[in-house]
Amino acid sequence: MIELLDVHKRFVENVVLDGVSLEVKDGETVALLGPSGVGKSVTLKMINGLLRPDAGDVIVDGLHVPQLGRKELATLRGKIGYVFQYGALFDSMSVAENIRLGITDETCYNDEKFCENRIQECLRLVNLAPDVAAKLPAELSGGMKKRVGIARAIAGQPKYLLYDEPTSGLDPVNADVIDGLVERLRDELGVTSVVVSHDVRGSFRVADRVALLWQAKIRAVGPPDEILASKDPAVLQFLERDLEMTLIQSESQEGREARGRNV
Amino acid sequence: MSNGAALTLGPLRLVARWSLRTADHVGRFSFLIVDMLRGLAEWRIWVPRTLDQATAVGYGSLFIVLLVSAFAGAVTSLQTGYQFTGTLPLYYAGAVISESMILELGPVLTALILAGRIGARYAAELGTMRVTEQIDALESLGRSPVSHLLIPRVVAGLLVIPALTMFANATGIVVGYLTAKGSLGLTYGDFEYGARYFFRPLDLWYSAIKSGCFAAAVTTIPCYLGFNTQQGAEGVGRATTTAVVAASVAILMLDALTTKLLLVAK
Ligand SMILES: Nc1ncnc2c1ncn2[C@@H]1O[C@H](COP(=O)(O)OP(=O)(O)O)[C@@H](O)[C@H]1O
Ligand SMILES: [Mg+2]
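From first to last, the protein sequence lines stand for chains A and B. For the record, in the first sequence the residue sitting at position 52 is 52 according to this note's numbering, with numbers rising by one throughout. For the record, in the second sequence the residue sitting at position 230 is 1230 according to this note's numbering, with numbers rising by one throughout.
Among these hints, one or two may not hold up.
EDC-like cross-link-like pairs, simulated, lysine to aspartate or glutamate; straight-line CA separation at most 16 Å [claimed, not checked]:
#, chain 1, residue 1, chain 2, residue 2
1, B, K1260, B, E1104
2, A, K71, B, E1042
3, A, K159, A, E183
4, A, K159, A, D26
5, A, K71, B, D1035
6, A, K159, A, E3
A few chain A residues that don't get close to chain B, going by computed Cβ distances all over 12 Å [unchecked claim]:
#, residue
7, G27
8, P53
9, S94
10, S168
It is worth saying that the hints were derived from the structure and are not from the lab. Yeah, the Cβ is synthetic: ideal placement off N, Cα and C, and Gly gets one too.
Take the sequences, apply the hints, and build the full model.
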């Protein structure tokens, strides 16, 4: 279980989170929506201790994250896969080595055979060809980098997965593959996930519950239909703007082609 | 009175802010050093990466270090000849050339070259890794950036810089002798006599210790600055230039300090 309790965070004068509380139950997928720059990535980084809250508490797997020592934090992070917004691949290493570093269990990490299999398996899961393994991140397209980032995050078979905009910048086919993967990991392995997104359609598909981060606070939380039916002006404003954007995107040539292939 | 207070408030505030920032840097720098010492226990992680770093940095810098020390040796030799002609016995030139290479020019020039090469490289690499979230990514995998990224770079520098210094010493002395032979007609016998006359084995140790101190500055300062980079590409640029300047200044200060403590105190 992941719990954020009245979390506050500011950078100098910039108040980013002002009393954010959110609960993600075991096996649940929560989508965290919000306009760009509202603090979604900051919230996600609180969960695995990359950022520390100024006040409030973050509890993951029964542990108080801000109070953990470095050893315990490292152990906890081994159970949390984190997908970075821009991939954050180690650019001096091949794709295979990147994914291998995601294997957090030390015994497995040192087992060559196991790693090789696991790397191929992870590439398959994110819809990448096996020969991508030998490439360097600089040789990949933006969407491929993103998917390698996801492969690295799931390589260690984490119990929790934090996705920072996993489908942004992907074409609709691969966005669907990733959304499908999020669903499968939840259904088959019971992974608990937080998906940060501003893609309303995709996140409404994968999420059990949706939370809207709006002006430093959680403005609304609930199952997708409840959020869609909400009369809150902020929610309406956010949904409207996003649906408009989705419409514009899907009318583009590339979108039409990709949808055609997908059907 | 109140007017005067208002006038001094500006500079005072500047000084206060500067002191706070310096104290902050010193504090965080010390924490990083402690982290690195603690991270030494994870030798399985840093040893192989150290070898990679050392090879990259060592081979890459060998040529320029030898070139600069060759010229330093030649110029020292020519100047010695110019200043000594007719006043001191010629074999003194052997002593001046070898001692100034070993005690000062070899260590300092090598360190200054490497401040540019290693300093810029480390700060830019780590800074880029910071702003592209690669360091966060490493941490998110439960792996320590200190033992994966920092310790290998620092230890590589600590191995490579003193070694390069020894090459620089040797090159400078050889080229210095050849130049003296050409311009002053100094014979090998005289050169060797002069060089041995003032040489103590301790001098080589001193040279190594001195370049070890420089190596510590040249590696840790850029690592610290790169590791704490903020704000995108501009931040990487700032970290890189600051790293080279700060490392060079540190070398000069350490030069004075080590000379005073190790050489003059005896
Ligand atoms: N390390 C940091 N230092 C200073 N400000 C930051 C830092 N990280 C994020 N911010 C600020 O916090 C706010 C929220 O950022 P972020 O969480 O990345 O937004 P998003 O919701 O788009 O992911 C932004 O205003 C950003 O400038
Ligand atoms: Mg973000």
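Right, here's what the structure says about each hint:
1. K1260(B) - E1104(B): holds (12 Å)
2. K71(A) - E1042(B): holds (12 Å)
3. K159(A) - E183(A): Given pair K159(A), E183(A) holds - Cα atoms ~14 Å apart, limit 16 Å.
4. K159(A) - D26(A): Within the cut-off at roughly 9 Å; holds.
5. K71(A) - D1035(B): Distance of about 13 Å is within 16 Å: holds.
6. K159(A) - E3(A): holds (15 Å)
7. G27: holds (22 Å)
8. P53: holds (17 Å)
9. S94: holds (14 Å)
10. S168: holds (15 Å)
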